[in-house]
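Q: Just so you know, the sequences run in chain order A and B. Numbering-wise (numbering that gives the first Met the number 0), the first sequence opens with residue 0 and increments by one. Numbering-wise (numbering that gives the first Met the number 0), the second sequence opens with residue 0 and increments by one.
What the hints contain is simulated information worked out from the structure, not anything from laboratory work. Some hints here could point you the wrong way.
Which copy is meant is left open, so a pair is good if it fits within one copy or across any two.
Stated by the list, open to error - Cut-off 25 Å, straight-line C-alpha distance, at most; resulting in silico cross-link-like pairs (DSS-like, lysine-lysine):
1. 290 with 42
2. 42 with 323
3. 323 with 290
4. 173 with 106
5. 323 with 173
Only a predicted model underlies this, so the values are computations on that prediction, with no experimental measurement involved.
So the chains spell out like this:
Number of protein chains: 2
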Amino acid sequence: MSNSFSFRVLASDGAARLGEIAMPRGTIRTPAFMPVGTQATVKGMYPDQVRATGADIVLANTYHLMLRPGAERIANLGGLHRFMNWERPILTDSGGFQVMSLANLRKVDERGVHFRSHIDGSAYDLTPERAIEIQGLLGSDIQMQLDECVRLPAPRAEIERAMHLSLRWAERCKTAFEANPRGQALFGIVQGGDDPDLRIASAQALVEIGFPGYAVGGLAVGEPQEVMLRMIETVAPVLPHERPRYLMGVGTPDDILEAASRGIDMFDCVMPTRNGRHGLAFTRFGPINLKNARHADDPRPLDEASDCPAARDYSRAYLHHLVKANEMLASMLLTAVNLSYYQTLTAGIRDAIARGRLADFRAETREGWAAGDIPPL
Amino acid sequence: MSNSFSFRVLASDGAARLGEIAMPRGTIRTPAFMPVGTQATVKGMYPDQVRATGADIVLANTYHLMLRPGAERIANLGGLHRFMNWERPILTDSGGFQVMSLANLRKVDERGVHFRSHIDGSAYDLTPERAIEIQGLLGSDIQMQLDECVRLPAPRAEIERAMHLSLRWAERCKTAFEANPRGQALFGIVQGGDDPDLRIASAQALVEIGFPGYAVGGLAVGEPQEVMLRMIETVAPVLPHERPRYLMGVGTPDDILEAASRGIDMFDCVMPTRNGRHGLAFTRFGPINLKNARHADDPRPLDEASDCPAARDYSRAYLHHLVKANEMLASMLLTAVNLSYYQTLTAGIRDAIARGRLADFRAETREGWAAGDIPPL
Chain A
0 MSNSFSFRVL
10 ASDGAARLGE
20 IAMPRGTIRT
30 PAFMPVGTQA
40 TVKGMYPDQV
50 RATGADIVLA
60 NTYHLMLRPG
70 AERIANLGGL
80 HRFMNWERPI
90 LTDSGGFQVM
100 SLANLRKVDE
110 RGVHFRSHID
120 GSAYDLTPER
130 AIEIQGLLGS
140 DIQMQLDECV
150 RLPAPRAEIE
160 RAMHLSLRWA
170 ERCKTAFEAN
180 PRGQALFGIV
190 QGGDDPDLRI
200 ASAQALVEIG
210 FPGYAVGGLA
220 VGEPQEVMLR
230 MIETVAPVLP
240 HERPRYLMGV
250 GTPDDILEAA
260 SRGIDMFDCV
270 MPTRNGRHGL
280 AFTRFGPINL
290 KNARHADDPR
300 PLDEASDCPA
310 ARDYSRAYLH
320 HLVKANEMLA
330 SMLLTAVNLS
340 YYQTLTAGIR
350 DAIARGRLAD
360 FRAETREGWA
370 AGDIPPL
Chain B
0 MSNSFSFRVL
10 ASDGAARLGE
20 IAMPRGTIRT
30 PAFMPVGTQA
40 TVKGMYPDQV
50 RATGADIVLA
60 NTYHLMLRPG
70 AERIANLGGL
80 HRFMNWERPI
90 LTDSGGFQVM
100 SLANLRKVDE
110 RGVHFRSHID
120 GSAYDLTPER
130 AIEIQGLLGS
140 DIQMQLDECV
150 RLPAPRAEIE
160 RAMHLSLRWA
170 ERCKTAFEAN
180 PRGQALFGIV
190 QGGDDPDLRI
200 ASAQALVEIG
210 FPGYAVGGLA
220 VGEPQEVMLR
230 MIETVAPVLP
240 HERPRYLMGV
250 GTPDDILEAA
260 SRGIDMFDCV
270 MPTRNGRHGL
280 AFTRFGPINL
290 KNARHADDPR
300 PLDEASDCPA
310 ARDYSRAYLH
320 HLVKANEMLA
330 SMLLTAVNLS
340 YYQTLTAGIR
350 DAIARGRLAD
360 FRAETREGWA
370 AGDIPPL
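So that you can see chain A by itself, here it is in the shape it has in the complex:
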């Protein structure tokens, strides 16, 4: 189930863990935030810039890459790392989640998911075996089982059906991965919606099957934050201490702070990149909307104490102008600001766990957000 993959918990603070995943392409410091590089690029960022923000690993989306440019093509070109000029670890999802949200005429049966491409309408079958094959062709380091994720709220029977199907697919993915392991590790995914009993049953069954890491899927799909956190509190104790836990698709800075405090080790989310493209900056003062006219004459940078050049070397007035003028540089700078802030936040969480002061760090961080942006003089 794992090729060359190891995880160590270096320190704990309450339920939170400081850790390290070691793989041939590099070490991942946890809790880790993984920037999303959907189509083999973190939108608006050069790969070396992504690394400079502090990212140890990026995520790429199987669904998008299987459609365009195609997994076999990327394999022939030497794999995804070479293709996108990123030498460090890559995690790929299984494609299942995005089939549900993006593809046309999708259908789920025991065999897998069947859909038509949103790009050109051509038909695809994504089985557990094919999901593993594609991720192997891409050559990603951490690969994910195919699962079925149900949007919340949903009837319990529907959540339960999808959870059991996901478990059967977990077994099939493991079998396929072990037959021809072309990544470093395959993670299982806990499903079960907002039902604690189903979550526990899913986690127990996955641990029974045995994976080098466990994801918590099907959250941040419409439910309130407190439901998400309760599910994490429910699932974490069932998962083995010595395996990393990955909360898929989460979240706001506050979500990350809270989930890490409850024992989550890995995160990915489009929020910093997507919001950056829409004029929103995440900072230690909370979110700042650069579209707002109050920035038009403000000579101050977003955060002069930041070590991110984009946050430090450009005035709010300039950023506001770029956003209003719909300039690419607005998206580039604000994406860089946001990814830097997410990495600064997870680095702060790691440091706080190491020092046993996570409660203080949470309080200080929330205080900064609550104080809000400094008004202009």
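Once you've looked at the hints, dock chain B against the given chain A.
A: Chain B in isolation, oriented as in the chain A frame:
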């Protein structure tokens, strides 16, 4: 007419000149290509990246900046250099050309041009005096007189009328600049369409008025290249040897090679940036259209001998994918490739002039373009 501005011709080869413009913010090596930063940003490029391609100076557009964010606002923020985080020289146009091509309900009379913003319809008057005032507020180093540029082909009487109006505006601009010189130099602009006699009359009258540099305007507006080159050959001998000559809005790599050979010292053009955003790369093998499906499986970089990382570190297959997927990184990388190529070309021209081998350089460069892109193995 000039504050702290000097130009030296260091070497000649035929009509071509190697030179140097010295100003407080930096030296401009000529023949020089100036990337266009229309809205106070070279689209898709960080300022330090623009510099890394070899640019000594960038151009910004008065028309766009007077509308948004406004010249007074930029002045209050410390000027255009600080605003856009570019410390080296900036040249601004007068706004006249873009009023003609972009604004609504435009009207020209003796006093100036009157128009409505293409953004919000508000009314503006752009007189010669206001054009100088705006450029002073922006704080650009090289400023341009207001002129009226006529699209070709046009009746001779129309070209002549606009040329004489531009001369009267040249005088008014000079008077306004000298009353309150807030840049390093004001350039006059030769008009006269495709009529050699009008071109000569315009150039002579401008030299009579006296400027530290002379632009040739109203070319590359629809006429064949040979007409443009004939106009340069007509005008150059009339202009003083010891003043820089700027061919506005030109052009293709071939236009630059030919015009520099005829004594032009400065160029600006949106071609490298705009074409980069549309999937076209300029290289020493000629233009390469990355949209073309033949690149889909090509592992080679655009030019492995380039010192531009964007041309060297990414495969054509990846660039093709990014273009097809409409990813920002496609525009970012291809803009960088193109600006680097334009700077490499002008650096090659400078080197060839210094060595008295411009004819050989032209032949070699054209041979490279004619040979075309190397087909995949």
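Q: Against the structure shown, which of the earlier numbered hints fail to hold, in ascending order?
A: 5
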